[in-house]
Amino acid sequence: MLMPRIGVFICHCGHNIASAVDVEKVAEFAKTLPDVVVAAHNMYSCSEEGLGAIRRSIEENKLDRVVVAACTPRTHEPLFRRNCERAGVNKYLFEFVNIREHVSWIHAKEPLAATEKAKMLVAMGVAKAALLQPQEETESGVIPVAVVIGGGIAGLSAASALVSQGIETHLIEKEPQLGGILKDIAVIGPEMVKTKEIIDGMVKEIGSSPKAHVHLSSRMTELTGFVGNFEITVTAADKCAEKIKAGTVIVATGGQEWSPQGEFGYGKMPGVITQLELERRLAKGEFPDSAVFIQCVGARVPGREYCSRFCCNASIKNAIRIMEARPEAQVSILHRDIMSYGTTAERAYHDAAEKGVRFMRYGLESLPKVDKLGDNLHVDVYDETLDDTIGMSTDVVVLAAPMVPIDNVKDLAMMLKVPVDKLGFFLEAHVKLRPVEFATEGIFICGTARWPSSVSECISQGLGAAAKASIPIRRGKVKIEPITAYSDPEKCIACGNCVQACPYQAIEIVTSKEGKRYAQVTEAKCKGCGNCVAACHNDAMQQKGFNTTQLSAMIDALIKNALEVVQ
Amino acid sequence: MNDLGKALAKIAFEERGADFLLAARDESGNVAPVLVSKGEDVGDVRIDVPYQLVMVLTKLYPWLEKGKVAIVTRRCDEKALNELTKRGIFDAKRIIKVGLACSKEQVAKCRCSDPVPSRVDFGEPQKAAQDELSDRLLKMTAEDRMKFWIRQFRKCNKCFGCTTNCPVCFCDHSCVLEERELVAEKSIPPGVVFHLVRSFHLADKCIECGECERSCPADIPLLTLRKMVNADMKELYKYSAGDEKAVSPLLTTLEGEKLEDDADVC
Amino acid sequence: MKDKVVVVGGGIAGIQAALDLGDMGFEVHLVEKSPSIGGHMAQLDKTFPTNDCSLCILSPKMIMCADHENIKLHTYSEIDGVSGDFPHFKVKIREKARYIDISRCTGCGDCTVKCPVKVPSEYEEGLTNRKAIYLPFPQAVPRKVTIDAAHCRMITQKKCGVCKKVCQAGAIDYDQKDKVIDIDASALVIASGYDQMDVSLLPQFGFGIAKDVVTSLQFERILSASGPTGGHLVRPSDGTEPKTLAFIQCVGSRDAKCHVYCSSVCCMYATKESILAGEHAPNVKTSIFYMDMRAVGKNFQEFVQRAKKSYGVRYVQSRPAKLQPSKDGKGVLINYEKKGTGGDVAQEEFDMAVLCPALEPSKSASRLAESTGLKVDPDGFFATPDLKHPVDSTSKGIVVCGFASTPMDIPDAVTQASSAAARVAEMISGGGC
Amino acid sequence: MSEFNPTILAFCCNWCSYAGADLAGVSRLQMPPNVHVIRVMCSAAVKPEYAFKALSEGIDGVLVLGCHIGDCHYLTGNHRTKKRFPVAQRILRDVGIDERRLRLDWVSAAEGEKFQQVITEFVSDIKKIGPNPLKEVKL
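Chains as they are written, first to last, in this note's numbering: chain A, 1071 to 1637; chain B, 6 to 271; chain C, 5 to 437; chain D, 12 to 150.
Bound-form chain A, shown alone (with noise of 0.2 Å):
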């Protein structure tokens, strides 16, 4: 094999990098590195200008090896592989260095430790570089079929939205009906749509569609294999389990409002009730002559310090309802900010002000005080605004509770294998590049279960659910990462650990035609984890992308440059 030639590029990302490394430094030092041919450095390298700088590079020196040092891989990383193809170099032989969010941005008041640890990660990435074999995606096929987990607002907007376009849809819900949280809520707000409409609609899509297969009362219990070929078991109250086979799911298992431990007396004065019991009261036409809302009951508290978003739009809307039914109705928003964000909420604030919806201002450290009087209700407050303490008397003290997950969240991100944050919110690939999707390819989120949505907004998300998890089936196949595993059938001794160690039971021990036994394989399923690499005693079994002399020549490049420096 000829001698490698590789090319090194460093990245200023603008002062981000710059600002704790001495990038010029780092490109002199990757000169000094075995089979470097050339080393620059870039303001942007993920720039048009950046990548074309590479590419020339690779052309002019006939690179046939790239390693880039910059931000992180996880979201730059097939930008900068494809840019390789673009300049004739296969993309797998390509390394990526982290050194902004892994050291400039860490370490920004240590520039000189920061720079010897660049110079030190691209010494191991070049010599991991050095060792890359060309690689190529395989393709597998994908099963048009989608499943959506949730039949609230975001997952019957997901439905329909795959239904429509064609496409085969199971939707699977806990309940014995379709709508979620919304069943209890007749109005939606801030433009007072009747709430049947939006489901009704909905569900009529769906249910008139034969592409479409709702499973109500039903759950799922289990989820295997991979994106274009999982496979789900859906478990209904009476009937057997049932196995669905899909190409893409998607999460949209709502969330619960928070229940108050006793605060303002819940639970104690029947007058004291949540947002959701307001809802379920007007919906039966029973409308207070006086109501005192309390917002942020349980949040933007220590402990929970989210904002549940929607809270005082709700508030707003049962404001305005109330006074519409009672026009002469007492009714009191108390609050700590009011999120009415955008047009039409902002302008429902004005409209519930205009119609004497009164809202006071109120801080963490002076509560209102909530406390019989006679068959109803008293509440004082301190206005921060008046500066001074009201009371007031009321039929009913309405919590603004936060919603918060479900509670077998933890069980479900599990058995789908998808993160949740701190708070128990499905955690997204990534905020802004990829907001409805899991990392994990084929399984996309939205609504509630991501975070508290408005209605509109949970039907948007859903829509743009549907629209990410219809994208491999409408293309049919799926590329697979080269990074998954492979034997050495001489060096391979058949002893079986790679086999127990495999958590897709994707090897299995053969019999090749000589009769030698070695472990083999299945690329299809194999996810590319390297369980087995790390089970097998002599480097029989290797992962693409991650041989065991590519890692362990990264070891020495730590040692020869670190120790030496330090000797």
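Rather than coming from a laboratory, the hints here were simulated on the basis of the structure. We treat Cβ as the ideally placed atom computed from N, Cα and C, and that holds for glycine. Please note that the accuracy of each hint is not assured.
What the hints assert, rightly or not - Which stretches of chain A does chain C cover? Using the computed rule of at least three CB atoms under 8 Å from a CB of chain C, they are:
#1 1108-1117
#2 1221-1235
#3 1263-1277
#4 1364-1376
#5 1405-1419
#6 1521-1528
#7 1535-1545
To be verified - Sample of chain A residues at the chain D side, in silico, Cβ under 8 Å:
#8 Glu1180
#9 Ile1314
#10 Ser1622
For chain A, the structure is supplied; the task is to place chains B, C and D on it using the hints.
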């Protein structure tokens, strides 16, 4: 054929229906392995000298397409056979074990802690011998223990005697310790990595037969190191190599144990 | 034959919609009025709440757009007219003359060095100048220069022509004419985005009167490494680093005399810019004057807490009445109502002030509304009346996403762009009308 | 010799700890610069042999960071990591090498602070333990 040979042939061929018999016999004063088929004279069988018949069986087995093989097995041989069978090297149905309980001297020489086979056909069962070296080492401070081992490892000249003669070490033609990625070439003695990796590979397989120590020209107390690691495995996972069915804990998942989430392991 | 879809607007929403539609197999025509796609997101230094660098997220998507086999970019172009209806629209795209042969131009920039004419740069929000022949920003896609006909001496007075002399690629063509292309599109996606309102219309906030009062987009450019000050936080009047900095929220937003609506993103980008100011000038004291701190998204509240705790940002719940220049025209005097004092007004001096102006539907939106016949809501955003289909406009086959439909942040714009793509796919494959 | 500045090798899995490290970066959480990260697809792909090789040739500490049990992108990968590394640590102890030089821990994609805490803690532990004696001892 001495009496022992006759008794052995009777058990193997008549009682237990073997087609072949593998034993060690006297050849002009030395001990050598012999493989005889039914009816052949097995010669003057010797059981007073420890001979790794399992190693021989591993080499011969591929050529004995059909038929059952009887083999004289001490307790360590039996455990070696179990480990190899678990790894698909042998088919348990074709192996007939003829149990040999080691003599007192042999147990002492091997410092063997588990001398009696599950079924004794020859020899008197003896008590396990004491091995005070590993206890003494564990009581040392870490620096002293390291100094001790560094002094020992410095004697190693990478002759691979320990791996070649180890019954459960069967990656013979592709042992990773011969690859320069792990053990730098041209470095005699090899770094500590040689002994660490070997200890890890044998952690769930070593049956403490002592062949490694016996075949080490530099007299490095390798059996002691194996025993220390085996003691660790027992303490961590209540696992000792040689059991017929137990799967190595290094390969299984935690499903049996409580799935505690935030396990900071050490 | 692939169905064609025209996406109007090359900001983050337009780019994402184009990518999704392209991945779905549609032939996408992405029309952007400025010389490069990227929209306002390209001007930002960082984006909340993670503060990762804006271009690092945007440029991969821009480049994917540029070399996607199903996407055709029409930059420096406008929609002349849309006729017909779903699913047979006739869209007239006018590719304005750049006076550059984009097949030859390599974006090397030699011409921009020699050009004598200086014009305030739109990308830099007027803080510095660009030339008559210019590349909007280093990471522009396509990486081609454009001649600004209104300011180019050669085109207006037939004098100069120095750029043609220095251009080795021979890409300059002073006689280039606009080109009008007809596209038979099955659907349209409107992603025309927003523009900051002209805050000089609200003199009480002192923009254009006090030199050290800047808009938030100008502040983004000041913070940006590739910006006019190379990322150093300095004030326009004397180029010194401000010790005290004020952010004024809701300038023109939530104001009955101007815009009733809330622009949704200013609370969060003000918090972000105050954190970045703290990073660039560690001893600056920042105050944010707000009415409601609307931190409603994922990790937004923690972001505000971080600004308060680790950067010492002071949040003042009050709407300033007047900003005027302080001593000898430098600095800013801010009159605001002190809370909890029953209404008396305080005056405080700051070295520099940043206005967070109302974000209006982009100027091209009103022209677009006429040419497409789409209705707009009372605030000028494209109306999306049907809650069941939140991206549907008032005429079938045309969908709206991003800021063009309602004020929203980048994550929501990216999500809604995918929704628009799904809706187009639904409609074209004969589904849900 | 100036104050001991350890050289530490870390293996991070692509889905959780590497993402946690990125989050620590994005959140600008400062931490000592002694740790050099190698990205692998799963913590279970990390061969203890790598740790033995690094420690025996003078690297002062090896850190393996995987997903929390139950979070592993590959179902039960980290179960095997959790089974293998205690044995590797005991083998180090048996040979007299301080087993605290090899540490296994879990960092999820959302735990930037935990990544900072583990790195800072490990570097200070290694500084307390001191330089790896095998650096000078050339066998």
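Could you work out which earlier hints the structure fails to respect and list their numbers in ascending sequence?
9
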